[in-house]
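Chemist: Residue numbering for the sequence shown follows the numbering used here, starting at 1 and increasing by one per position.
Hints are not guaranteed to be accurate.
[Unchecked claim] Derived SDA-like pairs: lysine to any residue, alpha-carbon spacing no greater than 20 Å straight-line:
hint, residue 1, residue 2
1, Lys207, Lys303
2, Lys15, Lys232
3, Lys101, Ile148
4, Lys232, Asp252
5, Lys303, Glu348
[To be verified] FRET-style restraints, in silico, Cβ to Cβ:
hint, residue 1, residue 2, range
6, Arg353, Arg75, 45 to 55 Å
7, Ser186, Asp297, 33 to 43 Å
8, Asp253, Ile57, 42 to 52 Å
9, Lys355, Ser325, 16 to 26 Å
10, Met1, Asn165, 33 to 43 Å
11, Asp199, Ala235, 36 to 46 Å
12, Glu335, Phe128, 44 to 54 Å
13, Gln49, Ser325, 44 to 54 Å
14, Leu68, Ser41, 36 to 46 Å
15, Arg123, Arg78, 27 to 37 Å
16, Pro327, Ser45, 23 to 33 Å
17, Lys132, Pro327, 45 to 55 Å
18, Arg123, Pro217, 24 to 34 Å
Think of the hints as simulated: they come from the structure by calculation, not from any bench.
Using N, Cα and C, we set each Cβ at its ideal position, and we do this for glycine too.
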Amino acid sequence: MTILHIVRQSSGGIKKHVASLIEALAPDYYQILASSEDLYSILSSKTKQRVISIPLIIGDQAEITDILSGIRLGRMAREKDTRIIHCHGYIAAVAGIAAAKVSNAALIVTAHNLFPKSTNLSRAVAQFVLKKASRIIAVSNAVKESLISTGVPSRQIIVIPNGINSADFNKMSRDEARKLLNINPSSEIVLCASRLTKDKGIEYLIKAASLLAKSKPEIKFIIAGEGPDRKKLEAKARELCGNQIVFLGYRDDISILLAASDATVLPSLSEGLPMFLLESMAAGKAVVASSVGGIPDILEDGKNGILVAPADEKALAAGIERVLSSPQLSASLGEAARRLVENEFTIERMVDRTKEVYRCATS
Numbered sequence: 001m002t003i004l005h006i007v008r009q010s011s012g013g014i015k016k017h018v019a020s021l022i023e024a025l026a027p028d029y030y031q032i033l034a035s036s037e038d039l040y041s042i043l044s045s046k047t048k049q050r051v052i053s054i055p056l057i058i059g060d061q062a063e064i065t066d067i068l069s070g071i072r073l074g075r076m077a078r079e080k081d082t083r084i085i086h087c088h089g090y091i092a093a094v095a096g097i098a099a100a101k102v103s104n105a106a107l108i109v110t111a112h113n114l115f116p117k118s119t120n121l122s123r124a125v126a127q128f129v130l131k132k133a134s135r136i137i138a139v140s141n142a143v144k145e146s147l148i149s150t151g152v153p154s155r156q157i158i159v160i161p162n163g164i165n166s167a168d169f170n171k172m173s174r175d176e177a178r179k180l181l182n183i184n185p186s187s188e189i190v191l192c193a194s195r196l197t198k199d200k201g202i203e204y205l206i207k208a209a210s211l212l213a214k215s216k217p218e219i220k221f222i223i224a225g226e227g228p229d230r231k232k233l234e235a236k237a238r239e240l241c242g243n244q245i246v247f248l249g250y251r252d253d254i255s256i257l258l259a260a261s262d263a264t265v266l267p268s269l270s271e272g273l274p275m276f277l278l279e280s281m282a283a284g285k286a287v288v289a290s291s292v293g294g295i296p297d298i299l300e301d302g303k304n305g306i307l308v309a310p311a312d313e314k315a316l317a318a319g320i321e322r323v324l325s326s327p328q329l330s331a332s333l334g335e336a337a338r339r340l341v342e343n344e345f346t347i348e349r350m351v352d353r354t355k356e357v358y359r360c361a362t363s
């Protein structure tokens, strides 16, 4: 059976999810990857032998361009006897429904984030498309509830959380990582890996850092990621925190950065189920995160992490100070987090449940 994956625009987390899924499916399925970003390049050479990569055209008139792209993809899917069209994200589903119509394949949509609250044509089109999907995979209960609130029937939605390979995040010691990255062994490092957009709440992390800088000048905040707000956020960080916050841009060595860190932080205002949360937990780090979206589904305050109110720099600063000031608490939270991810959020579990969705959609 052949599967067509459509990925219109993706953040680092969605890229990682799709790449992991394609890698795991490769032994059992031929796959076509239609993407506007260079996902194909991060696949292993063995997987590439069973994956066809084609560009996804994006224009200024997004909905029209997506429909035209979908028709083109549908013709290819029909030629390749494609049974499943799997769209990753709401906008990708617009191309997906056109492709499914042309090819007569089943349409599967993975919803990685809460359904957008903005009222525009894209939202209306996405609502229409979702109701036509054979099945929608929500990465968290919060995402499922946001879909139901827009009128998508509950019976169409199945919750399949993201999965990761925990072993990838336990290969290097703190000292080894710091030596490799040239980080002072005595510094306290707080890591955030995020797309630099308003909904990720980085401005509140900067404000929290400025509050902590007064009493803990030795703390360094490392922010890995790119996005349209980078210059604005860097300027704000320089104004409030001097050189205590370092912006690294996009990094593909998150596992090493995690090994070098003392704690991680997710100050998001909205989330589905962030990959960086799972990666932090797999690395055994104490996580301080906003209680939004799918984060409270797996992070329990005081048990395997620290939850704080969103858009509250004082609460965020207090949470960070709490884990840094108590190595015993930090270690306890990190160990509980690691056990949970190793038991419940594996790639194998995610892929097995996704395969079952495929089987049901094509039976």
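Chemist: Any hints from earlier that this structure breaks? Give me their numbers in increasing order, please.
Modeler: Numbers 1, 2, 3, 4, 5, 6, 8, 9, 10, 11, 14, 16 and 18 - these are the hints that the structure violates, sorted from lowest upward.
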